[in-house]
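So the chains spell out like this:
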Amino acid sequence: MFEPRIVCFFCKWCTYAGADLAGTSRKQYPPNGAVVRVNCTGRIDPQHVLWAFREGADGVLVGGCHPGDCHYEEGNHKTMRRVQYLKRMLEDMGVEPERLHLEWISAAEGEKLVHVMSDFTEEVRGLGPLELGLSDTAKAVAPAK
Amino acid sequence: MGERIGVFVCHCGTNIAGVVDVKRVAEELADYPGVAYSTDYTYMCSDPGQNLVKDAIKKHKLTGVIVAACSPTLHEATFRRAGTAAGMNQYQVEIANIREQCSWVHRDNKEAATEKAIRTIKIMVEKARLDEALDPISVPMTPRALVVGGGIAGIQAALDIANAGHEVVLVEKSASIGGHMAQLSETFPTLDCSQCIMTPKMVEVAQHPKVKLMTYSEVDDVSGYVGNFKVRIRKKAAYVNRDVCTGCGLCIEKCPATTPSEFDEQLADRKAIYTPFPQAVPNKPVLDAEHCTYFLKDGKCGICAKVCPLDCIDYEQKDEFIDFEVGAIVVATGYDLYPIENLGEYGGGKYPDVVTSLQFERMLSASGPTGGEILRPSDGEVPKEVVFLTCCGSRDTESHLPYCSKICCMYLTKHAMLYKHNVHEGQAYVFYMDVRTGGKGYEEFYTRAAEEDDVLYIRGKVSKIFEEDGKVMVWGVDTLSGKKIEIAADMAVLGLATIPNQSAAKLANMLKIHADEWGFLSEAHPKLRPVESLTPGFYLAGSAQGPKDIPESVAQASAAASKVAALFAETEYHREPIIAVIDEDTCAGCRVCVSVCPYDAAEFDDEKKVARIKEAICEGCGVCIAACPSGSAQQKNLTDEQLYKMVSAALEV
Amino acid sequence: MKLRLTADMLVDEVLERVETLSGQKLRACYQCGRCSAGCPVVEEMDIIPSEVIRLLQLGQVDEVLSSKTIWICASCLQCASRCPKGVEFSSICDALRAIVLRTRLATPKIDADGLTRVMMSDAPQMGVVGALRKLNG
Amino acid sequence: MKIPYYPGCTLHERARDFDDSARECAMALGVELEELPVWTCCGAVYPLVTDSVMDILAGVRNLSYASRLGDKVVTLCSFCYNVLKRCNNVMRDDAEKREKVNLFLRADTESREKIESYTLEDYEGQLEVLHYIEMLRDVVGYDKVASAVTKRLEGLKVAPYYGCMLLRPKKEMKFDDPEQPTIFENLLEVLGCDVVDFPMKTECCGGFQVVNDEELAVSCSQNIVVSALKREADIIVTTCPLCRYNLDRHQERMAERVDGFTSVPVIYFTQLLGVALGIDKEHLDFTDNSVDPINVLAEKSLL
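Residue numbers (the numbering used here), protein chains in the order written: chain A, 1 to 145; chain B, 1 to 653; chain C, 1 to 137; chain D, 1 to 303.
Some hints here could point you the wrong way.
Ranges between beta-carbon positions, derived for each pair [as the list claims (entries may be wrong)]:
| # | chain 1 | residue 1 | chain 2 | residue 2 | range |
| --- | --- | --- | --- | --- | --- |
| 1 | C | Met-120 | D | Glu-215 | 17 to 23 Å |
| 2 | B | Ala-268 | D | Glu-189 | 43 to 49 Å |
| 3 | D | Lys-300 | B | Thr-258 | 57 to 63 Å |
| 4 | D | Glu-172 | A | Asp-119 | 52 to 58 Å |
| 5 | D | Glu-189 | B | Ser-595 | 55 to 61 Å |
| 6 | D | Glu-215 | B | Asp-379 | 33 to 39 Å |
| 7 | D | His-12 | B | Asn-509 | 26 to 32 Å |
| 8 | D | Ser-263 | B | Thr-258 | 45 to 51 Å |
| 9 | B | Ser-595 | A | Gln-84 | 17 to 23 Å |
| 10 | B | Asn-109 | D | Glu-172 | 50 to 56 Å |
| 11 | A | Met-93 | B | Ser-595 | 49 to 55 Å |
| 12 | D | Glu-172 | B | Pro-256 | 51 to 57 Å |
Source of the hints: derived by calculation from the structure; they are not laboratory data. A quick note: this is a predicted structure, and the numbers were derived from the prediction, not measured. Built from N, CA and C at the ideal position, the CB exists for glycine as well.
Extracted from the complex, chain A is given alone in its bound form (with noise of 0.2 Å):
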């Protein structure tokens, strides 16, 4: 079975320590994903995301306080924004925009953080491979690593 490479973009003070609660709840989900840990989801620019894509990643999963809740007052309101626009981006690069996803989960919660590890698991799973087939000037133009 095709195991999808996602990179997770947490952000400290509400996804990441949703992810210690799912932990210390004893949930369990797919391993699939990877965790960049973020003070903020504002952070986390656009090229980050194109960057994870270049690099193997099937899909990307950034994870943020719920509206009114960022701990830096409105962080994840330009999250939300850079992240709608990157999807336009995505699908005019040909990459289905559901690779990318943004989702809201507090501290608190828990079996939420469970239920979109495992959902956008399967999701990315259905999508398949991310076949990128960069050529060798767009990986020369790529930020440098």
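Using the hints provided, position chains B, C and D relative to the given structure of chain A.
Then chains B, C and D, alone, in the frame of chain A:
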């Protein structure tokens, strides 16, 4: 490159090692670029485990440390201290979470869990390879506290902070401090008089040289951060020069306009110019323009101004705004009762003899509208049978509030008992679902009510209350005997659910502190940090955080005060240096960072035409960095370069 | 009166059927008794509504199925409307009736004579149809 | 203004007085109740068991008929209102049941076409199911009702009886506050009545149980009637034929059971509305009452 990273894989007993192949993890990481040393150990957080880290730092001249263990929220501080002790900069010690987000959640797939653990550690190795040595940012501490709410919790917190030698600004929205406790008659389980123990505290806090008391005032705005808040207090127009007023009371006596008294829970009237109750602190009136004849009839009245011997009345007075700098804020905004209007099945407030628990307190109070006599509001007769109802709106997931209001079992027991002391031949019934007596002396108190005062406890919830033939008809049930119970009572007292004070939601929003879905303020940790808010610098006291009785409110207030005192023990506050920084050489001066920063931490230098980050204000959210088109803004120890490498590591096969 | 409780008494096929048919979760009931307290026809019942739910919680299905109570309920929904836990006794009652009527555990409540009497009465049609559907299935 | 109208069986049989008075009033208010050309019994009671797809078919069939005439359907009988509204909710919210019921509807059409040449369309819960009293408030408007009143019912103490089916289940019916409803009172105030607020106005009259257990219905109804009498009601108004029957027919029995019982007429709210709108009493059909309302109304010089 010359990085020498040490990787320390914790077994956490079997918590990690039972799922993740820790040996394999340590071995694979040993071969990873930049890693100079890799090992595993049963309990990394134990003393020997920490020593292992310290020794390795010295022996292998490590430039960075990854402890692969539990969540960073638990032991990041522990290992950073250990690193510091071994001469390493604390910001070069990182945690890879392979327990909460790996071994515990992938129990059934050991192979995949081991691989995920390896990826998770590699991510952090990549970060650590570029982590710089940083120093915490020191900001000066303003050792002055703001306490919001002048009930027992706020008073206690203010007194304890003041007695620790720090200045306190105590803000109360009504005309007097005292809160709900000042309304109570006697208190469970000792039956000491609430006013008698409350009044001295009110006076003490008002006269304390370190306390600035601001009644009839509200918090208007708060900005800044722990150690350096700027608060703006709105002192509402009282139309009385309260600095000059001596509280002689002539104006109140002569005032012709009346309105139901909030303090007496609408059971009696007050004047338009009033002090809420005789022992009010400060004992100086305020004028309520909404009910004042002068304001309602375009200046036709003015009696208070005429009779005031000191010319204190000032109809032109406006709201005043006063700014303070404070280092910490204690929120003690207290509770309200769930509106009786929401309980239509009990009449929704339309039956005068169906009263709220606070109304009954006022009836019991010697200083209350009936002078401590229990009299039916409808006809002033002594009620011969009184029904008390617990859980009015509480523990109702369907139509009202799901939580237990905690104090109703006890105060209704007290009400029933005091009623019996007042009306010896009367009968008190308490409808209950569970009598919750979890407190010192509480069970004994309940036993006394049932056995000595003959209060009849009936196990069941009342379905309907209505008036018939001058009686209050109660349709209840006794689930123990399996019988529907009908009581033709003279009065019914509703133990309405405890809800957070209705002004608290607005305040929580302004302060950016979390509240639960019912509006109770959230503590940073339900067990280990019960008096702190998640946002640094905010502390919680009393019922603002959840339903509480007096001893608990006082205890929590003192705990919050001790937290504030500990904070103020340092003259500087240390903040995480994981903030934004701008490369002035590449900054194009587009000011995007200035426009997106929620804290006004990014400023534009008009001379150099570049942006700059104010260290003391930046919270490190990174919004400006993601927005910077030239990549000139970076986050310390979480640079774009680090993020790219972390992402790549996350995807290594 | 003694009830010897065993674990397997609590997992019963019929109990499950009651939950499925009624759409109600029996264990959600915390026995406040409010359904009984507000029931307009409780006087005629042999087991009060909250006790019916309690007996089901204890696995006593037979006792409940043979009670008078389940035929007395007039489906006025006052119990359901006021239940603090969202448990609708009226639906549980209908489920219990359905179990009896569908499995022919008892004869329909309105017999042939009754039927003639009902048809001849001047009761509104809706009452007649309602009674037949509720009591005869 | 034309509004699709579903009368239901009882209003065409034993509650003709309700139907007649409602139509007369509507006409006086400029509304034409357009009776569905084809309709059947709604099933009378909404099934409370979850596997009852067949049991809601009757209700949905009528909704499907009504959906051809407009976007609303008005009904009067509380039982019909309850059943139609809940069937409508299911068809709107429960995709699984919707599909099943529509399958049945199609089968129904096939068998019916030959007789009635009337096809049933798939139904998605798109109608607004209105009670007549909601129609008065929201479609006609109480202000318009007020201006059409020719005879204010001043001095008449009226107890509005809601019963169960308009209000419950509260989450589905969303008719009014289930504990302290006011829609009925507000209408009566518009007509100039002295509204009698009595605590039994939302209690059960015994409902269909009267068919099998008359005693039960007498007890239930007695509580309601006595409570209204204690507050000196001159008259009780209802919105349900079964409630009217229970409250009205058993008063002799109540008199046997309650000391000092005086009878009180029970009429439909549309009959009272008709009086206020000045409609001739012959058209309001006060003939089916056990307790004659004419005397009370005449005493107050309203007829």
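Okay, the hints, checked on the actual structure:
1. C:Met-120 with D:Glu-215: 17 to 23 Å: Because 19 Å falls inside the window, the suggested range holds.
2. B:Ala-268 with D:Glu-189: 43 to 49 Å: violated, 32 Å
3. D:Lys-300 with B:Thr-258: 57 to 63 Å: Since the Cβ atoms of Lys-300 (chain D) and Thr-258 (chain B) sit about 40 Å apart, the hinted range of 57 to 63 Å is violated.
4. D:Glu-172 with A:Asp-119: 52 to 58 Å: The hinted range 52 to 58 Å is violated for Glu-172 (chain D) and Asp-119 (chain A), with Cβ atoms some 30 Å apart.
5. D:Glu-189 with B:Ser-595: 55 to 61 Å: Cβ of Glu-189 (chain D) to Cβ of Ser-595 (chain B): about 57 Å, so the range 55 to 61 Å holds.
6. D:Glu-215 with B:Asp-379: 33 to 39 Å: Given about 37 Å between the Cβ atoms, the range holds.
7. D:His-12 with B:Asn-509: 26 to 32 Å: violated, 58 Å
8. D:Ser-263 with B:Thr-258: 45 to 51 Å: holds, 47 Å
9. B:Ser-595 with A:Gln-84: 17 to 23 Å: Roughly 19 Å apart at Cβ, these two residues keep to the hinted range, so it holds.
10. B:Asn-109 with D:Glu-172: 50 to 56 Å: violated, 45 Å
11. A:Met-93 with B:Ser-595: 49 to 55 Å: violated, 28 Å
12. D:Glu-172 with B:Pro-256: 51 to 57 Å: This hint holds: roughly 52 Å between Cβ atoms.
Checked against the numbered hints given earlier, the structure breaks hints 2, 3, 4, 7, 10 and 11 and satisfies all the rest.
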